[in-house]
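Once you've looked at the hints, dock chain B with the ligand against the given chain A.
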Amino acid sequence: MKPPAFKYHAPASLAEALDALDAVGHDGKVLAGGQSLIPILNMRLAAPAHLVDINRLSELAYVRTEPGGVTVGALARHADVERDADAYAAVPLLRQGLRLVAHPVIRNRGTTVGSLAHADPSGEMTAVLALLGGSVDLVRKGASRTVGAEDFFAGPLESCIEPGEMAVSAYFPRLAGRTGTEFVEAARRHGDYAMCGVAAAVTLDDDLRVTRARAAYLSVSPVPLVLDLTEAVHGATPATARWADAAALAVLSIEPEPDIHATAEYRAHLARVLTERALRAAAQRATSTDVERTSR
Amino acid sequence: MTERMIGAPVPRTEDARLVTGRGHYLDDLGAGAYEVAFVRSPHAHARITSIDVEAALDTEGLVAVYLYEDLTGKVAEPLPLLIPHPALTHGRTAYPLAKDVVRHVGEAIVMVVATDRYRAEDACERITVEYEFLPPVVGIDKAAGGEHLVHADVPGNVAAHMVQEVGDAPAAIAAAPNRLELQLDIERSACMPMEGRGVLARWDEADASMRVYTSTQTSTGVRAAVAAKLELPLDRVEVITPDVGGGFGVKIVHPWPEEVLVPWAARLLGHEVKWTEDRREHFVSSAHERGQLQTVRVGFDDEGRVLGLDVEILHDNGAYTPYGIIVPIITSTQLLGPYKPGAYRVDFRSLYTNTVIVTPYRGAGRPQGVFAMERTMDAIADHLGRDRADVRAANFIQPHEMPYDHGLLFQDGRPLIYDSGDFPASLDKLKKLVGWDDFEVFRAQARAEGRRVGIGIGCYVEGTGVGPYEGGHVQVETSGKVNVATGLTSQGQGHQTAFAQVVADELGVPFEDVSVTTGDTRRFGYAVGTFASRAAVMSGNAIALAARKVREKALRIAGEALGADPGDLEIVDGVVRVKDDHSSAIPLGTVAVLSNPLRYAFDDASKAATQFGGNADPSRPPVAEDDEPGLEGRDFYSPPRATFANGMHAAIVETDPETAEIRVLRYCVIHDCGHLLNPLIVEGQVHGGVAQGVAGALYERMEYDENGQLLNASFMDFLMPYASEVPSVEIDHLETPSPLNPLGIKGAGEAGVIPGAAVLASAIEDAEGFPITRMPIQPSELFHLRRRHAAGEIPPLRRVRTAPEEFPTA
Ligand SMILES: Cc1cc2nc3c(=O)[nH]c(=O)nc-3n(C[C@H](O)[C@H](O)[C@H](O)COP(=O)(O)OP(=O)(O)OC[C@H]3O[C@@H](n4cnc5c(N)ncnc54)[C@H](O)[C@@H]3O)c2cc1C
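Top line first, the protein sequences correspond to chains A and B.
Taking my numbering, I'd label the letters of the first sequence as residues 1 to 296.
Taking my numbering, I'd label the letters of the second sequence as residues 1001 to 1810.
Chain A on its own, in the form it takes in the complex (with noise of 0.2 Å):
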């Protein structure tokens, strides 16, 4: 479990990063928090020729909040995100997926955006920029572009990061209305890659009437998974609502495959119960929010 060898690039500014992308193209990967590359490389799974190490690039550490969301650059650590108080104000949802990601000692090294370009359809905050419809900002030497979540993630551990390019950013936009989140998961192990997961927005009219209930899946589907689930509760206030019957419509577009932790059976009945306690709880979450704060 050593890795082969590779150059190593440590560029001081974004520029010089770029500059080392370009000229490597295919064979350089960007090295961020390295929770998942190393042991990638430990494995011998990729040999990479070249790292691109971006963890100088203090330019990218920021989490910057504004009315609209919130943008995390590519070097904020997850923990960075997770404490950041205005960031959890503005997009609760960025929190209640973080403290389901890892353990603190991971949270502490692994980046946000990182997570995000490793693409695995497991990791908590692909489903979160999934449901909030946020997207990534990509540059290259004399380019840049901005990829919407729903084009980003192209199959499992694949995104749509091109050779030559690093995403040196994620938007997370804020939810409009009265609109209240939740993320809940079961997973083997406190902090470990979950059997299922469920991120969950619900909007609530001023009659606090649902108008609008959606939910992200985590490891049940090849890329992050958002399902309108509205047309089961709408016109319904969160107490009468049938939660039930929206995870039965979400289990119809649900098809999770088996591993060694769980039956696909069994994952998409974890799908189930996952749905209707998360609607459950983003309504709630929803029903107290207050409309003024969250208007854009």
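Heads up, some of the hints might be wrong.
From the derived model, a few chain B residues whose C-beta atoms are all more than 10 Å from chain A [stated by the list, open to error]:
1. I1083
2. E1121
3. P1779
So the derived label-pair ranges between C-beta atoms look like this [unchecked claim]:
4. B/M1720 with A/A47: 25 to 35 Å
5. A/V105 with B/P1679: 29 to 39 Å
6. A/L208 with B/P1009: 56 to 66 Å
7. B/Y1526 with A/A264: 50 to 60 Å
8. A/D53 with B/T1049: 54 to 64 Å
Below, a list of computed lysine-lysine pairs in the DSBU-like style, where the Cα atoms sit at most 35 Å apart [what the hints assert, rightly or not]:
9. B/K1432 with B/K1340
10. A/K2 with B/K1074
11. B/K1099 with B/K1074
12. A/K2 with B/K1432
13. B/K1579 with B/K1553
14. B/K1549 with B/K1579
What the hints contain is simulated information worked out from the structure, not anything from laboratory work.
Bear in mind that the values here come from a model prediction, so they are computed numbers and not experimental data.
By construction, the Cβ of each residue, glycine as well, lies at the ideal position given by its N, Cα and C atoms.
Using the frame of chain A, we list chain B with the ligand on its own:
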């Protein structure tokens, strides 16, 4: 009189060093050594048709590449079968590097030596091995079916078949008023010490000697093996254990192939060579344990008393049997626990499979045996509608029946005779601790909140401190400091602390003045090893006996110096003094000077000693005929047979009615290991054991696919529980001293793990209302069991049928 150290909760003196990174583990040594990596088989069963190393030869830093055919002398022979047994009719061991056929994923085929491990792995990647596939035998059913063979010359894959019988169990069962049959299944886990295996060897050409550092549980065993394999005189081989980051059984196996190959290469290359196992290697090339299928037939009376017990065990021993059949022998004898089984028959077959070898893992066959017996006790109770604790009590061996002879042979080949224990008292304490009699109140409260809970219980007896012997050496320096050595090793047990406590009391010296060396053949050449909960019993007693010898000699010499009768002397705080005249005294360091007629005045003690002049009788030799210079003593402890510790555990679990997740709410332990040398250490051992018990019941399992690929060979998917999964453990002790040894102690090292699977199965079953027969259990499986139960495929427990309102509908 100073305070007694034995029995005091003395904090472990080694911990400050270990937890602040000042330990020295194997990989911390040998900075300039060449390093080794292996090409290991990716297939479970295959014939090697060709090995092409050509492409690796220009790897930067490559030093050497060895195949089987390069091995010389005894190194080219199969590894030893350590513990032969008449029932092991078809024992087979591996070659250090595979010869022709590989029999499990992970078997070493090519040894690569390079200037560092990175380069060694680079070279491994460039070596091509071609195979002709043979049908893999994976799983106990497949092995027992015998359609394909792991070893062509072992019919039916049966390594060993052994039957032990007391009375006529089938007849007793047939005649019993009640009968039950259970099919049980328990799967593989593994020791998983934090530090894997590792070896560093240094050949001294001028001295023609070999020094080996190895992360082992037996340095004397490795020494003998290396000397034999390399054909070196024993006195030219020394083996030292540095700090060892856990063993739990896997490091008692010796020699591991690497423990032979690394010294062999070091001598050949004339350079230090080191191999440090990585985690992936540990998963596929060390050892696992626990896999068994069991059939239990039992006949019992209306009180639940067992009249006849007939157990058939199919034991998975993996691809080879270097450690013999210790594990299934322990299962079949320790299964009996604290109970009188009536007539008993146990029949086991130990079967080859194309998987990693099976050797003892903490508990060593007992968790499986206890699982069989305790599932049976619960089944009897349920069948009769009786309280589970009452049925156990009805079967207990009573205190007045000790010593109790089961009429069977134990793992050490000696009679299975329990020396002590008070099982009714233990059960009483346990019921109080967990609140057994009030549980239905708790259950009802939980149910009112929509929660599902259950309580479980499990009892065990553990043969500990097996012989044949351990020794101890105690030496008082002229400074008064005391050096203690014992041959067995330490891998985290706190021996520095516990053995120093023994010496402090036995010799009468300050605890701080005692330093302990373990597992260093330079200091003590005769030893067995640290396993089978034997270190405290064996070395603890040996060291006590050695310390008594030193004490006796010190009193004799001091008596001469002080002109007093040794019988009137005592040793307190390192000073020998006349009991009723404390002014007449001499420090032990000074006694040490007097004990050696060669007196160079290096230190104050030597100068001080001159005042005692001593006998200068010119007609006598300076060292008397029956004496030796120096204030030191050596002794051995060799017990007639094992001493039996015991314990009873209870757990309360909660199972999520929707997600089927399982949580342990409480875990209670009553533990009897005789006199406690150090309650803190004993409780630490119990905590760690319980963690591994919970692990084996709810989290860990080796997940082999039908091709013999281990699907979860990393900590990502092999679910060793975190602190967040392990319940806090509530412990109460009972102390029934062992009559077999001077300190009255019994082993405590494995206790915590033994009934884990049994207790948690009992509790989950109680929560769910249908039988649990297979461990470990994960939420996904519980979910499917619930489905099958709801579909009528799994019948409810009787107690559910008779009082359905008390139980949940699944
Ligand atoms: C024990 C353990 C448990 C874990 N559990 C979870 C969990 O439950 N949930 C979860 O979501 N995650 C989990 N993780 C993963 C953790 O969140 C990682 O930190 C994260 O997935 C990757 O972030 P990183 O900064 O460490 O990226 P790295 O490991 O440095 O990189 C990962 C990949 O992303 C690429 N990359 C990183 N940053 C960029 C960038 N800015 N631009 C382009 N490409 C980039 C790298 O090239 C690499 O391919 C766990 C990790 C461990 C070790």
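To see whether the hints hold, each was checked on the structure:
1. The beta carbon of B/I1083 sits about 32 Å from the closest Cβ of chain A, which is more than 10 Å, so the claim that it is off the interface holds.
2. A Cβ of chain A approaches the Cβ of B/E1121 within 10 Å, the least distance being about 5 Å, so the stated non-interface status is violated.
3. Consistency note on B/P1779: stated as away from chain A, yet its beta-carbon is not over 10 Å from all of that chain's, at 7 Å minimum.
4. Separated by about 28 Å at the C-beta atoms, B/M1720 and A/A47 satisfy the suggested range of 25 to 35 Å.
5. In this structure, A/V105 and B/P1679 meet the distance hint of 29 to 39 Å, their C-beta atoms being roughly 32 Å apart.
6. Against the hinted window of 56 to 66 Å, the Cβ-Cβ separation of A/L208 and B/P1009 comes to about 59 Å, which satisfies the hint.
7. Between B/Y1526 and A/A264 the beta carbon distance is about 58 Å. The supplied range of 50 to 60 Å therefore holds.
8. In this structure the supplied range 54 to 64 Å is violated for A/D53 paired with B/T1049, their Cβ-Cβ distance being about 44 Å.
9. With a C-alpha separation of about 24 Å, the suggested pairing of B/K1432 with B/K1340 holds against the 35 Å cut-off.
10. Annotation: proposed proximity of A/K2 to B/K1074 holds, straight-line Cα distance about 32 Å (limit 35 Å).
11. Between B/K1099 and B/K1074 the alpha-carbon distance is near 14 Å, which keeps this suggested pair within the 35 Å criterion.
12. Our distance criterion of 35 Å between C-alpha atoms is broken by A/K2 and B/K1432, whose separation comes to about 53 Å.
13. Among the hinted pairs, B/K1579 with B/K1553 is consistent with the structure: their alpha-carbon atoms are about 17 Å apart, no more than 35 Å.
14. Straight-line distance between C-alpha atoms of B/K1549 and B/K1579 comes to about 20 Å, which keeps the hinted pair within the 35 Å bound.
This entry does not satisfy hints 2, 3, 8, 12, going by the numbered hints stated previously.
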